[in-house]
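In case you want the letters, here they are:
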Amino acid sequence: MLLQLLINGISLGAVYALIAVGFAIVFSVLKFSNFAHGGMISACAFIGYFFQASFESPPPIIVTIAVTSAAGVLFALFLDAIAYRSIRRHRSPSIYYFLASLTISILITSLLNIFFSKNALAYPMLFSSTTFDLGSLKVSRMDMMILAVSVVILAALMLLINKTKIGLAVRAVAINPDTSKLMGIDSGAIIVLIFSIAGFLAGVSGVLLGCKYGVYPDLGQTMMVKGFIASLIGGLGSLGGAIAAAFILGVIEMFWTFGFGALSTPVMTFVLMLLFLFIRPQGIAGQFAKEKV
Amino acid sequence: MKRVLTMVIAMMAISLALFAGGSAEESDPNAPIKIGSIQDLSGSASNAGQPNAWGAEYAVKVINENGGINGRMLEIYTEDCKNDITEGLNCYNRLVGEIGVCAIIGPALSNPASAWVELSAEDEIPIVGHFMDEVCTTNPDTGETYPFMFLCEPSCSQQAEDLAEYAIRELGKSRFAVLYNPSNAFAKAQVDPFVAYVQERGCELVASETFGWSDKDYSAQALKIVASGADCVFLGDYLAQMLIAYDALRDAGYTGTIVGANTMAPPFADQVKNDVYDVYFLQNYDMLNPDVGNINELVTKHMEETGTTSPQVNVGFGWDAVMVLAEAMKKAEDPTNGAEVAELISQTTDLELSGGITLTINEQHRTDTMGMYIATYDENGEMIIVGYEKVD
Amino acid sequence: MNSYQLGLIMNSCISVIQVMGVFIITSLAGMFSLGQASFMAISAYFTFILARSLDLPIILTAIVGLGISALCAFIIAIPTLKLRKDYFALITMGFGEMISAIVVMCEKYTNGSIGYSRIPKVEHIFWLILAITAFVVYFAWALKRSRFGRMCIALKTDETAAKSFGIDTYRLKIKVFIIASCISGLAGILYGLKNRVITPDGFSWNLSAEMQIFLFFGGTNSLTGAVLSAFLLKLLPEMFRSLELFGQSLQVYRTAFYCVLILLVINFRPNGILGEKEFSITTVRRWVSRLLGRKKAEGGQDD
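Chains as they are written, first to last, in the working numbering: chain A, 1 to 293; chain B, 1001 to 1392; chain C, 2001 to 2303.
These are computed hints drawn from the structure, not numbers from a lab. Cβ coordinates follow ideal geometry from the N, Cα and C atoms, glycine included. Treat the hints with care, since some could be wrong.
As the list claims (entries may be wrong) - 30 Å max Cα-Cα, derived DSBU-like pairs, lysine-lysine:
1. B:K1061 <-> B:K1330
2. C:K2121 <-> C:K2085
3. A:K31 <-> C:K2163
4. B:K1061 <-> B:K1301
5. A:K31 <-> C:K2082
6. B:K1034 <-> B:K1301
7. A:K181 <-> C:K2121
8. A:K31 <-> C:K2277
9. C:K2144 <-> A:K31
10. C:K2156 <-> C:K2175
11. C:K2085 <-> A:K31
12. B:K1034 <-> B:K1331
13. B:K1034 <-> C:K2085
14. A:K181 <-> A:K163
15. B:K1390 <-> B:K1034
16. C:K2082 <-> C:K2121
17. C:K2163 <-> C:K2082
18. C:K2108 <-> A:K31
19. C:K2144 <-> C:K2175
20. C:K2277 <-> C:K2108
21. C:K2082 <-> C:K2156
22. C:K2156 <-> A:K181
23. B:K1330 <-> B:K1034
24. C:K2163 <-> C:K2108
25. C:K2121 <-> A:K31
26. C:K2108 <-> C:K2175
27. A:K138 <-> A:K31
28. C:K2277 <-> C:K2121
29. C:K2085 <-> C:K2156
Claimed, not checked - Sample of chain C residues at the chain B side, in silico, Cβ under 10 Å:
30. L2008
31. R2147
32. R2241
I would like the entire structure built from these sequences, with the hints used as guidance.
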């Protein structure tokens, strides 16, 4: 039973990780909590659904993910053009990004509710049976797929950020956009790149969450809180920390729910956040905790 | 600076314009009768509110085509309450204070409706709806019935008891478990009476598991239910959560019976990932059967007109509420007199509704005459009605 | 005025009080809270439950309710205000989630998600709300101009500099947060008195987010802007109820419209509608003289 809970917790952690990284990457560079991410996930779940529903027989899931994440990137660029670009141009403080993203999130959910709530939608089944047996354990195929996709994408992202020239530029802009500009880095382009990566992640999460939980307007919004908590425990803006914290949160939540019920989970996560801030205010990865003044 | 000033003035002007309109009282005896309809059109329960609004509007259209209320036309004003109390009060106040309606069709939600219980008595506005929680019709402190609130479907405890009775008697279940979201009033209002009823009948409640709005993984809860040895699990949430709960239970290896609220209706069977077997759920209408009432005609028409892909039971709710109201108005000397209409609604007896079942309003302004259908899915995932249950 | 118009004005007044709470946190001390709605919930639930179970007048239990809000604010402020601002925003959001869960857990007292209803009716509620709103706005105005307020603004502008002047910024932030939470609590009690039903869903983080949006819409540092935008933006969606296009009611788009309006303001008036400007007799005189087309020497400092 304990092993079963651990496996379920890790699967849940993979879902949280995918969401938390979407926040963390935007936070690491722009220093604001990207609330629009939840709305983007919902929107992408719908985009992916309508894409695969437009075929007679649904295309392989990987095609849907690829197309949706491309759409997610375009969507992110669109949002950048209508909401974020002028914030950059006015050199407004990052709180304006935060407000714009909040507004966008409310806007997306409201529009999805008006236009798409009449029909409950679901992706076609991917597997003929939902679980497979591993010894005495029951493992969900869907969970394993999400875990695999998350691990691949998160690994690729870490490589991109830590090993490539672009990644170096991203890290430089994260530390100081103005100095990076003097070093010849186009920080505007890097910021657009960051939004695109977040859009890409929203696309992937949208399809995977849609497959697992069904497609409805509040899908991303309701998951967002967990992603925030994970990215906070991980140390805001740290990708590795967010991933680690997401898995820890998934496992702890699973065991807590089993032991004490789900009703008190928000109390537990809040206390956990406070404890973490007391013991390790710099987060798991130990960056960005103290504001540079 | 000028821009600021003009902006402020413009905003003031808009707000004044808002206050300027309306409130033209007409006493013309042949003028249309205004009624209101408050539904969730853009909030979290809009998938239920939109068909409900459609059903009410369609009923008004049909009544008007057949000569209206003794020759007077009905005019329906639909307001969006977003399943929120403040918005619901805005809707109510706008309909009553601004538009001047003389009766209101209520939502299928109890939260907004519970804020109108005393207002409706002060303003003498009858409210007919499907807010299934008893607190909307009876004051739990004093036990008094709210004089202007009317429920025209079985209340949530009646529904839950009907299902529990069926599970105990027909399915022979004795070890029950519940898995629900206590933050969802719809689920909460059904789970409590369900649990009370099965315990009263001497059955055991072996597990009571919960989840919250932001939880998406119920596998720990499902494992506990499996371990508790339950042979019947009750689910009472909205469709999205029902799907996850069903799959979590089956994934965890639960093979027993799953019973649920009327939200388990199609497209539930098409959307769960596991095989659908041994599920029984409540239905207000036998809506796929063209031979009883006109419910089948209504849901079909709604699907055609709005592009909805599965039949929506809420269409019948909107229709029924308007019919109950219209019936009382037809008998009234002055159909715009709220007090008289409310009195006549409370005397409603044997009125046939869209589902072919007759409605009689009792002293608590609810109904004892209506039971609930019990439905299941066959091996092709088609919904079939297997029983009709009414606990006295 | 009919009940609809009175109701809308009361909603707007409550919204003004809510925004005064975040004004003190954000505009004076430069922090962002996404949990102010939970303080509304704490005060409202404590006030009404105590009033009914102990049979005390609401005015007494309201003081207890506000005190408990202050206490909760104090407790969560101690660890979080040492950290950077973003932590504070997210911690307060987590706090809000926790409060909603606790309300559902304590269903014996709060009646859970079904909602705590039958809150006693108060006579002259409209005038009461109007008077309290006026008082709270005056309080915020006086606070901004007081020594305390100037210390806060020093803290917001440059925390290191404020420290070097001998301001204990940490304690100052805690005080600000407690004051703001009491004001939010007050809004919660009035919300309960007006609607006479409270549910945990009514105090979700969306409401907290809405307060922050209202504040920035009016202008980050302008009390006048905050009051105006809180009042009018609360009213604005209601106007869409009566709008029609080709016989199709536009009411369901009211949230969408207002989101678009906010995005436009963020794009084209990045300091909010009023920026840093405040209402005063001199500015009014200046406006009037501007309108009359007279040239004024100090015109240059306007935007």
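Okay, the hints, checked on the actual structure:
The suggested pairing of B:K1061 with B:K1330 holds, with an alpha-carbon distance near 16 Å, which does not exceed 30 Å. A distance of roughly 40 Å separates the Cα atoms of C:K2121 and C:K2085; the hinted pair therefore is violated under the 30 Å criterion. A C-alpha spacing of about 24 Å is found between A:K31 and C:K2163, which places the hinted pair at or below 30 Å, so the restraint holds. With a CA separation close to 13 Å, the supplied pair B:K1061 and B:K1301 stays within the 30 Å bound.
A C-alpha spacing of about 18 Å is found between A:K31 and C:K2082, which places the hinted pair at or below 30 Å, so the restraint holds. Taking the CA atoms of B:K1034 and B:K1301, the gap is about 25 Å. The hint holds against a cut of 30 Å. For the given pair, A:K181 sits about 62 Å from C:K2121 by alpha-carbon distance, which is inconsistent with the 30 Å threshold. Of the pairs offered as hints, the one joining A:K31 and C:K2277 holds, with about 28 Å between alpha carbons and a cut-off of 30 Å not exceeded.
Distance restraint check for C:K2144 and A:K31: the Cα-Cα separation of roughly 28 Å lies within the 30 Å cut-off, and the hinted pair is therefore satisfied. For the proposed pair C:K2156 and C:K2175, the alpha carbon gap of about 14 Å is at most 30 Å, so the pair holds. At most 30 Å may separate the alpha-carbon atoms for a hinted pair to count; C:K2085 and A:K31 meet this at roughly 10 Å. A threshold of 30 Å between alpha carbons decides the hint, and for B:K1034 with B:K1331 the separation of about 17 Å falls inside it, so the pair holds.
The suggested pairing of B:K1034 with C:K2085 is violated, with an alpha-carbon distance near 53 Å, which exceeds 30 Å. With a CA separation close to 21 Å, the supplied pair A:K181 and A:K163 stays within the 30 Å bound. For the hint linking B:K1390 to B:K1034, the alpha-carbon distance of about 36 Å lies beyond 30 Å, and the restraint is violated. At roughly 43 Å between alpha-carbon atoms, C:K2082 and C:K2121 are farther apart than 30 Å, so this suggested pair is violated.
A threshold of 30 Å between alpha carbons decides the hint, and for C:K2163 with C:K2082 the separation of about 14 Å falls inside it, so the pair holds. For the proposed pair C:K2108 and A:K31, the alpha carbon gap of about 42 Å is over 30 Å, so the pair is violated. The hinted pair formed by C:K2144 and C:K2175 meets the criterion: a straight-line CA distance of about 14 Å does not exceed 30 Å. With a C-alpha separation of about 49 Å, the suggested pair C:K2277 and C:K2108 falls outside the 30 Å cut-off, and the hint is violated.
Simply put, C:K2082 and C:K2156 have alpha-carbon atoms about 14 Å apart, close enough for the 30 Å limit, and the pair holds. Only pairs whose Cα atoms come within 30 Å are accepted, and C:K2156 paired with A:K181 is accepted, the gap being roughly 27 Å. Using a Cα cut-off of 30 Å, the hinted pair B:K1330 and B:K1034 holds, with the two alpha carbons roughly 14 Å apart. The hinted pair formed by C:K2163 and C:K2108 fails the criterion: a straight-line CA distance of about 48 Å is larger than 30 Å.
For the given pair, C:K2121 sits about 47 Å from A:K31 by alpha-carbon distance, which is inconsistent with the 30 Å threshold. Distance restraint check for C:K2108 and C:K2175: the Cα-Cα separation of roughly 33 Å exceeds the 30 Å cut-off, and the hinted pair is therefore not satisfied. Using a Cα cut-off of 30 Å, the hinted pair A:K138 and A:K31 is violated, with the two alpha carbons roughly 41 Å apart. Of the supplied pair hints, the one linking C:K2277 and C:K2121 is violated, its CA atoms being roughly 39 Å apart against a limit of 30 Å.
At most 30 Å may separate the alpha-carbon atoms for a hinted pair to count; C:K2085 and C:K2156 meet this at roughly 11 Å. Annotation: interface hint on C:L2008 holds; nearest CB of chain B at approximately 7 Å, less than 10 Å. The interface hint given for C:R2147 is violated, since its Cβ lies 30 Å from the closest Cβ of chain B, which is over the 10 Å cut-off. Contact between C:R2241 and chain B, as hinted, is supported at the beta carbon level, the nearest pair being about 6 Å apart and thus within 10 Å.
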